Amino acid sequence: MHVRLIAAIATGVLATLGTAAAPSADRATSSDGAADRLAHDLYRELIEINTTDSVGNVSTASAALAQRFLAAGFPAADVMVLGPNERKKNLVVRLHGAGKHKPVLLIGHLDVVEARREDWSTDPFKLVEKDGYFYGRGALDMKAGDAIMATALLRMKQEGYRPSRDIVLALTADEEGGCCNGVEWLLRNHRELIDAEFVLNHDGLVGYSITSAHGVPQEFALSATEKMYADYQLTVTNKGGHSSLPRPDNAIYQLSQGLINIARYAFPVELNDVTRGYFERMAAARGGQTAADMRAITRTPPDAAAVDRLSREPELNSLMRTTCVATRLAGGHANNALPQRAQAMVNCRIVPGHSKEEVRQELMRVLNDPDITVHYVADDGAVTDRAPEQRALPPSPLLPQVVKPLESTVAAVWPGLPVVPFMNASATDGIYTRGAGLPTYGVAGIAVDADDMHAHGRDERVRVAAFYAGNQFFYRYLRAVTAH
Amino acid sequence: MGARHLRLTATLPAALIACAAAGSSLPCKASSVSAAERGSAAGDAAADALAHDIFKQLIEINTTNSVGNVTTAATAMAQRFLAAGFAPADVVIAGPEERKKNLVVRLHGAGRHKPVLLIGHLDVVEARREDWSTDPFELIEKDGYFYGRGSADMKDGDAIMATALLRMKQEGYRPSRDIVLALTADEEGGCCNGPQWLLSHRRDLIDAEFVLNHDGASVISEHGVPQIFRLAATQKIYADYQLTVTNAGGHSSLPRPDNAIYQLAAGLLRVGHYQFPFELNTVTRAYFERMAAISTGDTAADMRAVARATPDPQAMARLAHEPSYGSLMRTTCVATRLDGGHANNALPQRAEAVVNCRILPGHSPEEVRGDLIRIIDDPQVAVHFIADNGEISDTAPERRGFPPPPLMPEVVKPLERVVAATWPGIPVIPVMIAGASDAVHTSAAGLPTYGVSGIAVDRDDVRMHGRDERVRVASFYTGNRFFYRYLKALTAH
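Residue numbers (our numbering), protein chains in the order written: chain A, 1 to 484; chain B, 1 to 493.
Please note that the accuracy of each hint is not assured.
Quick look at which bits of chain A chain B covers, simulated, 3 or more residues with Cβ under 8 Å [claimed, not checked]:
(1) 175 to 183
(2) 310 to 323
(3) 326 to 340
(4) 399 to 408
In silico contact screen, one side only, chain A against chain B (beta carbon under 7 Å); selected entries [unchecked claim]:
(5) Ser244
(6) Leu245
(7) Asn347
(8) Arg349
(9) Ala425
(10) Ser426
If you're looking for bench data, these hints aren't it; they were derived computationally from the structure. All values reported here derive from a predicted model rather than from experimental measurement. Cβ atoms here follow ideal geometry from the backbone N, Cα and C, with glycine treated the same way.
Using the sequences plus the hints, can you model the full thing?
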């Protein structure tokens, strides 16, 4: 396995061994091999413990990893398994440093999305290596990251490495489903255990930091902010009647017109430090019209034609503005009766700085029909007249102690790969740590092809080479972050 | 019973009483109804008593699709006809399903014309005791109404038609043509054991020159005062279509340019904005002409303007604001149901709507499916046909509703006379109904079919299919006498 593995790792990794940017690397080759074996073992162990919300057990996974840390010589006081729900306990591990700065907190969730054997080509709760990929539920989201972070701490301990600051690892519950037993609970009840100067979140949406094309990395995304998730329910009611006598007003047509208005509406382009940085750096990395357009939209005011062209790319569009999209429809009660009610669900992803209530008001303005009511739907399904007024937090400042080591490590591992600040369009646990005032950055290092995102779907997978490259990268980055 | 009869006569229209009181040998001043078309006072009273007995008997036999038995009702009626002296060969119980047999009875006439066929369905809509104020399977007389499941739809009509034939038999009346009565199954629910089955398997039993369908109240009243007599002379065809858009879907944080819900919404808006072509037939043209005569002001002028050979588009637009007029001028299609998406945070992979159409005679469901595809103008919106049993198919039936023939004088003239005698001053207005009665089947078989009953219903008291279904006691007896007289007038020559 080791031989195949080394051959499969991006040549960049091998090239970095012994360079100035990489940590003291003389003994790295053999240690790298051992670390890859360890990461693989942890990865398999985690995938084979079912941690779904329905029937799984996160505590089992936490306890299994705790055993590994204790066996590696971590004192019992630094290996905590805790949480309010028997099935959903979190693991918090601390590697003590020199105390030159406040700690760095690493977060990862242990729970996974549901998976049914009959939907999958392989058993989702077995780690299967096939055709250059690892398959399994959580292979990407995010037991790969959990294994990689745990491996980094175990390796450092074994090497007797003393970081400049404490490194705290929290592996948690309830990111994918369920509520409130994970990061949120730790922040509220045991802040002292996980308090930090900043947070590194190994979870992400686009490419787990690295988007690749046919396995070739294109860019390294540093997720420094995320959009806020909100659902709205649109409702039109009508007296109805017999369908043989259609009335001039019809709930379905009124709703349809409203939905068309939403479809045609684009929220204003609104860049922040993160997304502006993203477009500037991506422009430098790309050529042609796209590069020119990226530059054009960072000007004030942004160039309208450039906005139009870039908006056609869903990923780029999502970085430029709040998006709202209809996701569900329901209406009517009988084929031969005029509808008395028609409803739609509209899902919004709100850029930092705006509130859910503000977007509700904007939807009402766009719908332009007082007969269409717009209610807010909370995560637990409760429907209310108004939405929360709380604004999504502005992006975390790009701290030099986070960014500089990242740039040097990325340059060493993947020479020439640009590091671009990024706004995550989907929600992660980063929303809680940012909400608690901890600057949070999504940093992973696992390359995923843009057209091969199987997270949450069937046959979730990660390239074998990308997993090991990500393992090598993260260890090096964590050393670089804690070198001084 | 005597008490009921007294109360009844007190509420009957004055003209009818005047005729009845004048006796059978004197001309009736209030109308031009001939002696032959009148019944004797004693005969009327006996016929009312008989109609009430049959009505009660039928209501108390549960004929729902779920647990009822139409055969029991057909057999009970057959017993009455046999007891009245009808030959066994003229009292036929027929049908493919043990629980849903039909009754066909023939009263022989002089054979001067092809027969007239009377149709009525014996089955009723479901009714749950707990939803009703009274037991739906008991005939309850209360506050001037008869209550019970089928009291208006249409065991009242079944009883009235059976009574007319029994009375004629008893009186030794010989009609100019055979009168055939078919009391049938599967109009309200179930499939295909009623008129459809008789037409395809026993056409000989029920073949006729034209058909009278007693389903539906012809007399529209307000607070019990009759306003117009609706002669249902043609009907629209009912058709449901399913519109479907599919999409690859994806994560809702990254909306794609194409979206199944938006595509469907755009298609539905085009359907909502579209008006099928204006098209009158002999029935709807006559409707507007006659309604114009009894309407006033702009409405009357607009009705005349749309009934002309070159109809006025502005008059059309004004009239169409009233849905009941608009539906007579054109095929209508309207969205009635919506469904789409599978999770709040996922782009929809599928969006669907049901569009319900009421199609003018002369057009087929497949033709309208083609129209919808053209109107929606988006090849990604699939348009399928939904059959009555819920089956979905790529194409719809090609069968066209028959355009109505000119109103037959042998049907209309006697009707106008008897209506004038029964409810002086109220006009007979030909109408096109929205469909969904057994007339669809007889019309499709090439038999001109007219909806005629003497039952009155208040505009705002339509409880058919609902709870506490009811008919006015006075209306039931008036309808009983009317129908006997009309049938005699119809078969006089």
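*Which of the listed hints are broken here?*
1, 4
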